[in-house]
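Residue numbers (our numbering), protein chains in the order written: chain A, 1 to 164; chain B, 1 to 222; chain C, 1 to 382.
Hints are not guaranteed to be accurate.
Unchecked claim - Going by beta-carbon spacing under 8 Å, a handful of chain A positions derived as facing chain C: (1) Val16; (2) Ser42; (3) Glu75; (4) Phe113.
Claimed, not checked - Which chain B residues face chain A? A few, computed with CB under 10 Å, are given here: (5) Ala28; (6) Leu215; (7) Leu216; (8) Ala217.
What the hints assert, rightly or not - Covered stretches of chain C (chain A as the covering partner; in silico rule of three or more C-beta atoms under 8 Å from a C-beta of chain A): (9) 102-111; (10) 127-135; (11) 152-161.
Hints listed in this document are in silico derivations from the structure and should not be mistaken for laboratory results.
Positions of the beta carbon are idealized from the N, C-alpha and C atoms, including for glycine.
Chain residues, written in single-letter form:
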Amino acid sequence: MSKLKSLFGYGAAVLVLTVMVLAPFVLMSRIEQLVGHLGLRSHPKYSGGSAVRVLNRDGYQVTIAAPAGPVGPMEWGPRFIQVSWSPVGALPDTVDEQLDLDGGGRPQVRLRFRVPRDPKQPLTGQLEILDPGLVRPITILRRTGGPGLLVGLDHSIVARIPLN
Amino acid sequence: MTVSPSASVPLWSEALTLGFASGSACLASCGVLLLPWLTGMRRGWRGTCGLLGIFLGGRLAGYLVFGLGVGLAGRVANLKGPAGLLVGGVSSLAVAGLLGFQAWRGLKSRGVGCPVARGGGLERRYGLGGLAMLGLLTGLNLCGPFVAAALRAAQAGGPVRAIAFFAVFFLGTSIWMLPLVLTGAWRRWEPLALVARLTLAVLALYYAYFGTVLLLARWHHG
Amino acid sequence: MADTRTLSPFRSWPRAGLLALPIALWGLVMMGPTLSGRDGTAKLTAFLAETFMTALFLLMLRTGQTHRWRKVFFITLGFLFPVGFIIELVRLRGSMSIPVEHLIAGDTPFCFMVIPMTVIPAALNRVLIFPGSILPTASNPHAVATMVSLWLVATLVLGKAWCAYGCFFGGLEEGFASIRRRPVLKLLNPVFLYGPWAVLVTIVLLSAASYAPTYCQWLCPFKAVTEFPEITNGQTLLQAVIFVSLFLGLVVILPMLTKKRTQCAFFCPFGAFQSLFARISPFRIRIERSACKDCGVCSRACPTLALDAGRVLQGAPRDACMRCGACVDACGTGAARWHLQGTRAPSERARLLFLYAGWGFACLFGGTIIASSLASLIHLFR
Numbered sequence: 001m002s003k004l005k006s007l008f009g010y011g012a013a014v015l016v017l018t019v020m021v022l023a024p025f026v027l028m029s030r031i032e033q034l035v036g037h038l039g040l041r042s043h044p045k046y047s048g049g050s051a052v053r054v055l056n057r058d059g060y061q062v063t064i065a066a067p068a069g070p071v072g073p074m075e076w077g078p079r080f081i082q083v084s085w086s087p088v089g090a091l092p093d094t095v096d097e098q099l100d101l102d103g104g105g106r107p108q109v110r111l112r113f114r115v116p117r118d119p120k121q122p123l124t125g126q127l128e129i130l131d132p133g134l135v136r137p138i139t140i141l142r143r144t145g146g147p148g149l150l151v152g153l154d155h156s157i158v159a160r161i162p163l164n
Numbered sequence: 001m002t003v004s005p006s007a008s009v010p011l012w013s014e015a016l017t018l019g020f021a022s023g024s025a026c027l028a029s030c031g032v033l034l035l036p037w038l039t040g041m042r043r044g045w046r047g048t049c050g051l052l053g054i055f056l057g058g059r060l061a062g063y064l065v066f067g068l069g070v071g072l073a074g075r076v077a078n079l080k081g082p083a084g085l086l087v088g089g090v091s092s093l094a095v096a097g098l099l100g101f102q103a104w105r106g107l108k109s110r111g112v113g114c115p116v117a118r119g120g121g122l123e124r125r126y127g128l129g130g131l132a133m134l135g136l137l138t139g140l141n142l143c144g145p146f147v148a149a150a151l152r153a154a155q156a157g158g159p160v161r162a163i164a165f166f167a168v169f170f171l172g173t174s175i176w177m178l179p180l181v182l183t184g185a186w187r188r189w190e191p192l193a194l195v196a197r198l199t200l201a202v203l204a205l206y207y208a209y210f211g212t213v214l215l216l217a218r219w220h221h222g
Numbered sequence: 001m002a003d004t005r006t007l008s009p010f011r012s013w014p015r016a017g018l019l020a021l022p023i024a025l026w027g028l029v030m031m032g033p034t035l036s037g038r039d040g041t042a043k044l045t046a047f048l049a050e051t052f053m054t055a056l057f058l059l060m061l062r063t064g065q066t067h068r069w070r071k072v073f074f075i076t077l078g079f080l081f082p083v084g085f086i087i088e089l090v091r092l093r094g095s096m097s098i099p100v101e102h103l104i105a106g107d108t109p110f111c112f113m114v115i116p117m118t119v120i121p122a123a124l125n126r127v128l129i130f131p132g133s134i135l136p137t138a139s140n141p142h143a144v145a146t147m148v149s150l151w152l153v154a155t156l157v158l159g160k161a162w163c164a165y166g167c168f169f170g171g172l173e174e175g176f177a178s179i180r181r182r183p184v185l186k187l188l189n190p191v192f193l194y195g196p197w198a199v200l201v202t203i204v205l206l207s208a209a210s211y212a213p214t215y216c217q218w219l220c221p222f223k224a225v226t227e228f229p230e231i232t233n234g235q236t237l238l239q240a241v242i243f244v245s246l247f248l249g250l251v252v253i254l255p256m257l258t259k260k261r262t263q264c265a266f267f268c269p270f271g272a273f274q275s276l277f278a279r280i281s282p283f284r285i286r287i288e289r290s291a292c293k294d295c296g297v298c299s300r301a302c303p304t305l306a307l308d309a310g311r312v313l314q315g316a317p318r319d320a321c322m323r324c325g326a327c328v329d330a331c332g333t334g335a336a337r338w339h340l341q342g343t344r345a346p347s348e349r350a351r352l353l354f355l356y357a358g359w360g361f362a363c364l365f366g367g368t369i370i371a372s373s374l375a376s377l378i379h380l381f382r
């Protein structure tokens, strides 16, 4: 019995050493792939939710996502709809867009902003509520300092419009 | 809009269904507090059932008071607006106080090694009263399902029906709380009780922080 | 301190050198891609780091002391990691704060501390409650999958010993705890040793209820020396105050006063989490009762209070033991020893086998961090 236990003990030690040696060459990449195949997705309140509509414009696309944000009993923060403007050719100097956020056929908001050519330039959007009820009554979207958000991301512009 | 008596059966089944569908959310939010509280009390099965009953009683009281208010008003204020932030902030700070006091009682009554004083008199009353108060405060948690129930109760047609709606809603949610009785099984494992009491202390700090943040948001809202 | 010259067969320089050869070769393999690259500074620092790790291992074998030399590596890692990390952050973003753009883009580096909080939401809803990316990208090499794979390997190889050979935060405390010769405070109610478990339970429950990494948002002391959300309102200011206060209290001041790793012993939820896997490792510390004189030296030496009089009587430390070797090094009778579970292997053999695994991992992980941080530092001044 003690020989068997001893065998297991040394076997475990060899196994540990084997894992350590194989880790950087085989194991870690395999485990990474495995985790990638688990079907995990980032919570929509971070990722902005999945795209539900893509609108083609002249030189760019507008992507509207599904409503996202906190839903659980202790989650807090505003629910929002993320809208992004991505250049196909180039974004215009000014974007003035009426947005149908819920796909009902009528626009709920109108958003206007100047597209900064210098990333360090501040980005501010004027929000006009066309159909109250869905969207929180705010008028400005900017990078910080409010429930709404308007940021430049790579070459795109992303807005998060807070909902009621 | 009021609901006609001929639609009363669907209304109560609606309340029960809504309650049961929302119960997992209630378990998540209440379980955070109840799990360490009950574990730290170190009661057996029957004792834990009694404690859970006290907590649920406090929670029911909170639901009924809210139901009465909603039924009388006939509408629901913007619960996510400034009023909601204020209620949330104050109740979170109150919860923080309760948790902190319970943690302090549990930790001061022993060092390492002896079971918590079962205690009669003031200590026992404080413990049970605190649990009832905790139930009341968590019953006023303005989460999505609660708000949905409030909106429906406001349309029920008067305060009596609104209270009854909330009572049935409460029943539906409370089914999910029953597994918490299992904490009675860990009574003999003392380190777990110690961890539970320390957890209450950490949670008290979190709720103090959470309440402060809500009140800051309320103040910023203006 | 034990006269280990009569205890260990590995004392001579040639023999120690021979036994250190695998580690030297391993270090070369780990640094190989860098050593064969074009960046001269990176090659230099990789060589220095590799030499440093090999030299420490050699000294461990030659002197029979583990903790003394491990501590040198660990403190170096603890102080160099944040330096290198901050330099890279400032180079990439211009500041230590996490801009909202990175949160949206999923470019926030995933830290191993987040792992316990993500388990329940991931298991229930396959949702990752962290603003990071699942797989590595050009803008975020520290993705979830990468860090989880690293953690899994570290747990299989080290178990709880991660806290002494892997954690790049622990070295900070170890460094501050080493400043004074004697402790000023000797208090420390043993009830608070359950603190890490309480913090772990709290953050797991809250994260499952709020679908947010509550430890990162609220409690992590190491945000003070890595990255934190931009301070834009009262809430983020309050968060920053909490982070800095916890860091100063638990990582700087208390370790200096008590000469213990107080953040690890009383607070760190990841340490409690790793304690769940303490028994995976076949390498243990044992107290041989027949040789023990109950002098208490081992208990006083333990940096995380895993040993006390009761545990010494039981012959083994708590699951919080991180295999740092301090108790073994301090023991004057050889009662505290390394043990390979299930075997009667002599202490020195068990130690050697453990060190091959543990130090090998340290070279793989900590050694490469030391090299890259040094390179960042040199680039800064050039």
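Query - Index of numbered hints that the structure contradicts, given in increasing order - result: 4, 6, 7
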